[in-house]
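Enquirer: The primary structure of each chain is shown beneath.
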Amino acid sequence: MTTTTARLRASPMDALQRWLPKLVLAPSMFIVLVGFYGYILWTFVLSFTTSTFLPTYKWAGLAQYVRLFDNDRWWVASKNLLVFGGLFITISLAIGVLLAVLLDQRIRREGFIRTIYLYPMALSMIVTGTAWKWLLNPGMGLDKLLRDWGWEGFRLDWLLDPDRVVYCLVIAAVWQASGFIMAMFLAGLRGVDPSIIRAAQIDGASLPRIYWRVVLPSLRPVFFSSVMILSHIAIKSFDLVAAMTAGGPGYSSDLPAMFMYAFTFSRGQMGMGSASAILMLGAILAILVPYLYSELRSKRHA
Amino acid sequence: MATLELRNVNKTYGAGLPDTLKDIQLSIKDGEFLILVGPSGCGKSTLMNCIAGLEQITGGAILIDQQDVSGMSPKDRDIAMVFQSYALYPTMTVRENIEFGLKIRKMPQAAIDEEVARVAKLLQIEHLLARKPAQLSGGQQQRVAMGRALARRPKIYLFDEPLSNLDAKLRVEMRTEMKLMHQRLKTTTVYVTHDQIEAMTLGDKVAVMKDGIIQQFGTPQQIYNDPANQFVASFIGSPPMNFVPARLVAQGGQLHAVLDSGQARCELPLPGADLGLEGREIVLGIRPEQIALGAEGGNGGPSIRAQVQVTEPTGPDMLVFVTLNQTKVCCRLAPDVACQVGDTLALQFDPARVLLFDAQSGERLQATRIANTVKDNMAALGGR
Amino acid sequence: MHSPVDKPALSPSRLAIHAVLLIAVVLYLVPLVVMLLTSFKTPEDISTGNLLSWPTAITAIGWVKAWGTVSGYFWNSILITVPAVLISTTIGALNGYVLSMWRFRGSQLFFGLLLFGCFLPFQTVLLPASFTLGKLGLASTTTGLVLVHVVYGLAFTTLFFRNFYVSIPDALVKAARLDGAGFFTIFRRIILPMSTPIIMVCLIWQFTQIWNDFLFGVVFSSGDSQPITVALNNLVNTSTGAKEYNVDMAAAMIAGLPTLLVYVVAGKYFVRGLTAGAVKG
Chain A
1 MTTTTARLRA SPMDALQRWL PKLVLAPSMF IVLVGFYGYI LWTFVLSFTT STFLPTYKWA
61 GLAQYVRLFD NDRWWVASKN LLVFGGLFIT ISLAIGVLLA VLLDQRIRRE GFIRTIYLYP
121 MALSMIVTGT AWKWLLNPGM GLDKLLRDWG WEGFRLDWLL DPDRVVYCLV IAAVWQASGF
181 IMAMFLAGLR GVDPSIIRAA QIDGASLPRI YWRVVLPSLR PVFFSSVMIL SHIAIKSFDL
241 VAAMTAGGPG YSSDLPAMFM YAFTFSRGQM GMGSASAILM LGAILAILVP YLYSELRSKR
301 HA
Chain B
1 MATLELRNVN KTYGAGLPDT LKDIQLSIKD GEFLILVGPS GCGKSTLMNC IAGLEQITGG
61 AILIDQQDVS GMSPKDRDIA MVFQSYALYP TMTVRENIEF GLKIRKMPQA AIDEEVARVA
121 KLLQIEHLLA RKPAQLSGGQ QQRVAMGRAL ARRPKIYLFD EPLSNLDAKL RVEMRTEMKL
181 MHQRLKTTTV YVTHDQIEAM TLGDKVAVMK DGIIQQFGTP QQIYNDPANQ FVASFIGSPP
241 MNFVPARLVA QGGQLHAVLD SGQARCELPL PGADLGLEGR EIVLGIRPEQ IALGAEGGNG
301 GPSIRAQVQV TEPTGPDMLV FVTLNQTKVC CRLAPDVACQ VGDTLALQFD PARVLLFDAQ
361 SGERLQATRI ANTVKDNMAA LGGR
Chain C
1 MHSPVDKPAL SPSRLAIHAV LLIAVVLYLV PLVVMLLTSF KTPEDISTGN LLSWPTAITA
61 IGWVKAWGTV SGYFWNSILI TVPAVLISTT IGALNGYVLS MWRFRGSQLF FGLLLFGCFL
121 PFQTVLLPAS FTLGKLGLAS TTTGLVLVHV VYGLAFTTLF FRNFYVSIPD ALVKAARLDG
181 AGFFTIFRRI ILPMSTPIIM VCLIWQFTQI WNDFLFGVVF SSGDSQPITV ALNNLVNTST
241 GAKEYNVDMA AAMIAGLPTL LVYVVAGKYF VRGLTAGAVK G
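Protein chains in written order, with the working numbering: chain A, 1 to 302; chain B, 1 to 384; chain C, 1 to 281.
I should point out that these hints are in silico values taken from the structure, not numbers from a laboratory. Honestly, I wouldn't trust all of these hints.
[What the hints assert, rightly or not] Computed Cβ-Cβ distance ranges for the label pairs, DEER-style:
no.	chain 1	residue 1	chain 2	residue 2	range
1	A	ILE196	B	ARG118	52 to 60 Å
2	B	SER85	C	THR90	27 to 35 Å
3	B	PRO39	A	THR115	51 to 59 Å
4	C	THR143	B	SER85	41 to 49 Å
5	A	ARG220	B	LEU319	47 to 55 Å
6	C	THR90	B	LYS179	46 to 54 Å
7	C	GLY68	A	ARG164	30 to 38 Å
8	A	ILE196	C	TRP54	47 to 55 Å
9	A	ARG220	C	THR90	33 to 41 Å
10	A	ARG220	B	PRO316	53 to 61 Å
11	B	ASN165	A	PHE44	53 to 61 Å
12	B	ALA334	C	SER167	50 to 58 Å
Treat the numbers as computed from the prediction; the structure is a model and nothing was measured. Glycine included, every Cβ here is placed at the ideal spot set by N, Cα and C.
Only chain A is shown next, with the shape it has when bound in the complex (with noise of 0.2 Å):
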């Protein structure tokens, strides 16, 4: 078996298509290294130094931290996003859940009444805030209107209750983001095998029951979706509570996201801000990171 066997080199161009991907995705690898986990940790190392209204870099330890927790603005803040993100989330979860339920019953213009429930997302978080603010106006809001129809007396001025400022802030939020927890039951629901209704039907079960002991755990997948993406919505809330009440009155509808940016910009306490940045990043990874465990555990027992 004598052949020539003169091995022809791989050409110049490509070797060029060969790094073509790489080059390509070059850019972006740089921009999420540095502007995503680079500046992460230089907030970081920030919330480690004594930076005031400049960043110095001066060691000051733990200091930062423990002002925040010696800082009653903070826990006010921290409270209220467990007050405002616990019933944001329930409320949103039932409103929407009851919702795509009731579209799921073939409606006659369903798109339309679809398509209603969802524009509040469209619309930027200040727009809301300041259309609430407006509706929710003590004296010449909900309330005036409603003393109009009859309803003498009536008095709605939770925007000036430090106590209850908090539900203001839900109401706006449940407003707009309800019909997108309503969308995505709805592709859950379209997506459940029509079989497993039918078998539930021929024992004997009522809709109401089917949907509540069938249907619904059978979209577990989507409530936990809906909960990460409404906890992120809830944590990082920072455009409603700048609109409606600028954490106030006072500072009693405060919400972290509102309290690291005064203190970081408007109070020059760069080490304090970066600090409660930090604070914020580990509630959210106290939520992702064992939701993404049960995720791929769940995928590799699958």
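Put chains B and C on the given structure of chain A with help from the hints.
Expert: Leaving out everything else, chains B and C in the frame of chain A:
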């Protein structure tokens, strides 16, 4: 048209991972039709991708027309491929699909139009040239995919299970058409399939693969008559070969295999078998079509009486299942054989066609026969 | 899931379902209706009437004054949003193309790292980003905001395209490579023409996110470079003199109309973007 040779081709996907392709060695002449056949995961598609240059080999060499192309990119190897899913460009018309490769090679438009016309006529798709792939049926898409390959006039054609997505009837029709086309155009072709009927009917040479190794390389007849091991024997032929475990006894200077149907016993003489095999655990390989209905007290070969367990009339045949040595054995008899479950039949064997396999390794055990096969392979590889 | 058993058109349960849905429709629409109504009233109408009272005379003075105040910032928003949307979509498309069809060692890892960017609380990058913008001389400019939006929009745009492209069979790319096409030719002549649905989703999603953004706007811009969301907030929340709610509402409408219009016209792409992004989450 060109020759193709694979020399000690190896492919691994990473250190520590098992080899996907191990020491692949085969070669075909100009104009030959090579079939790569084997079960899922045997590496045939990987091998095809390596020939095409879509994946890199980690060892050995691929030679086209005696030139080592192992380092070349796909577009320089002058190869065309037809995919199982046809892979037609969905946003382009049929004409644009066929033209695409030619345009990239900067062929003048007049020459391109000529090629498209030639190919369209050959495949009878002239009336489809302005349509988009989504508007075509499966069979039409398949032709367009072939047209795209033909227009390029490459050195080698690669087909990756092109008929798998067609319904059974269309598949049979297209199979015949492909054979006709190959006879006309005399193109060097490598064809991957898991369908052993396609392997037998279409190929000049067949390579049966399993776990990344070529189990046997030869003509379809060699693979059918002379399988190198139990896997190859079971893969080719439908219904598949029967494997009956048996004891070997020496009698009158010859080895005999003991068969027991539960009702009778028979000692099947095995001429030419090495007497040293006595006592070894072996498996007999008998094809269903090699079992005949015999007269008792036989004037033909050795026979045995067995009780019918199941009958399957298929139209052209009557498949009868009996039990020999506690193993289910399928016999392919003439369709007019009248028998029912529970009847006793006399079955006759042709000792010359019976094959022996080692029970542990599955390797063929007829010394003389194996030598022939290896010789055939060597001749196929090196006969220049 | 559709209930396989046909229900009579007017059973009590059907009526109840429709009633609830209708109430919900009203509740969702009320804020928008109120905003519109208020924007067309005079301040006197506002103080004498209530949220839903009809104006004594429909007047556009609220709108005129609002536009006078925020028109410059409206234009800023356009200057920021349009380039940012186009650039981030383009980069996202190329990234998605590489990640789905030209994978190499490390590209999956990169994708995972990028994915985290979808969950990033931006508070963690605000400070360093503003330092960097300052060093680049882009502080308080619309260009700086474009840069920021591109960088932090990459995660989503890449996700959209990558998820779309993985469903394209790679036999298509193989066929094209055998035909002799290279990296960019395949993208331009084969992949891009197939990408219309996801391009629409990405454009609309990015437009909505960037136009509606407030955080980046308020941190990275000031004065003349502010987008309309910041201007709106300043207008509404600065209390110099008597509050002019009609102007406030008109300004809110001006800020909200572009995304609202996009939603009405191309809503299905918006929904697809929401659910596509959410499915990964």
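Enquirer: Each hint should be assessed against the structure and marked as holding or not.
Expert: So, going through the hints one by one against the coordinates:
1. Range check, A/ILE196 to B/ARG118: Cβ separation about 56 Å, and the 52 to 60 Å hint holds.
2. B/SER85 and C/THR90 have their C-beta atoms about 29 Å apart, which keeps the hinted 27 to 35 Å range intact.
3. Between B/PRO39 and A/THR115 the beta carbons are some 52 Å apart, a value that agrees with the proposed interval 51 to 59 Å.
4. For the pair C/THR143 and B/SER85, the supplied restraint of 41 to 49 Å holds, since their beta-carbon distance comes to about 46 Å.
5. Evaluation of the 47 to 55 Å hint for A/ARG220 and B/LEU319 yields a pass: the beta carbon distance comes to about 50 Å.
6. A beta carbon spacing of about 49 Å between C/THR90 and B/LYS179 agrees with the range 46 to 54 Å that was offered as a hint.
7. Checked against the hint of 30 to 38 Å, the pair C/GLY68 and A/ARG164 passes, with Cβ atoms roughly 37 Å apart.
8. Judged by the Cβ atoms, the range 47 to 55 Å given for A/ILE196 and C/TRP54 holds: they are separated by roughly 51 Å.
9. Hint check: A/ARG220 to C/THR90, Cβ distance near 37 Å, so the stated range 33 to 41 Å holds.
10. Distance hint check: the CB atoms of A/ARG220 and B/PRO316 are about 54 Å apart, consistent with the given range 53 to 61 Å.
11. For B/ASN165 and A/PHE44, the Cβ-Cβ distance of about 54 Å falls inside the hinted range of 53 to 61 Å, so the restraint holds.
12. Checked against the hint of 50 to 58 Å, the C-beta distance between B/ALA334 and C/SER167 comes to roughly 52 Å, which is consistent with it.
Checked against the numbered hints above, the structure breaks none of them.
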